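Student: Each chain, letter by letter, is given below.
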Amino acid sequence: MAAVAARYNDYKALGVEIFAVSVDSRFVHMMWQEQELSKMVAGGVPFPMLSDAGGRVGTVYGVYDEAAGVNIRGRFIIDPDFKIKAMEVLTADVGRNPDELMRQIKAFQHVRATGEVTPSGWQPGQPALKPGPSLVGKVWQVWKP
Amino acid sequence: MVELKDSCVKPVRGPIMPAASPSSAAATAIQEVSKVTARVGQDAPDFELSSFVAGKGFQPIKLSEYKGKWIVLCFYPGDFTFV
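From first to last, the protein sequence lines stand for chains A and B.
Each residue of the first sequence is one higher than the one before, counting from 67 in this note's numbering.
Each residue of the second sequence is one higher than the one before, counting from 137 in this note's numbering.
If we strip away everything but chain A, and leave its shape as in the complex, we get:
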């Protein structure tokens, strides 16, 4: 959470809206912000912290752990057409990698803007692939792992 907050300006520059969701009440969100997050990151977490009481929304997104009564780590990228483009779900004990989130957003934005497709491990600035009959069987000529 704090790791994403620390790079908030990078996400803002890409036109991305971030929402954090847990089963905690909005009052607890406020206290966590004041007591801890604002000491981890200057200004605290700048994006909305949503309260999913009872995990009702987490259930619909497939991330609600009924035994523990909490939402596990689930991260969803939604495009301007309101389609889910990517999801990543982890158990609670391993944190996420904000660099990979950023890479995926840039890749999806590149694909949307150009109609190209991005190969495995693609980074902004690297060549992407133009899908079509002329590329069939010839990917090896333009891309290697």
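FYI, nobody ran anything at the bench for these hints, they're computed from the structure.
Be careful, since some hints might not be right.
Pair ranges (Cβ atoms, derived) [stated by the list, open to error]:
no., chain 1, residue 1, chain 2, residue 2, range
1, A, E182, B, S143, 48 to 56 Å
2, A, P193, B, P147, 47 to 55 Å
3, A, G120, B, G193, 16 to 24 Å
4, A, V183, B, V145, 42 to 50 Å
5, B, V172, A, W209, 33 to 41 Å
6, A, V183, B, F216, 38 to 46 Å
7, A, R178, B, V145, 37 to 45 Å
8, B, S143, A, A108, 27 to 35 Å
Note that this is a predicted model, so its numbers are computed, not measured.
Beta carbons are placed, not taken as given, at the ideal position from N, Cα and C, and that holds for glycine.
With chain A's structure known, arrange chain B on it following the hints.
Tutor: Chain B only, in chain A's frame:
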């Protein structure tokens, strides 16, 4: 700091499911909500939840009001946890 006005209990809609067929709507309403509908390549399930926003206070957020933008939705286990 903005004055945070709010009552103790404030209803929000939670998950907002597409309307089911009229005959079965009432009977299956609760079942519908318990289903996972999030799929890659499909529409994001809409919802309305209350939120805390730094510097702004408490406000309800409806996901579909952000249609047209790139959205990242991050679920996490809980405030004051370790990772």
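Student: Hint by hint, work out which the structure violates, then give me just those numbers in ascending order.
Tutor: Of the numbered hints, all hold.
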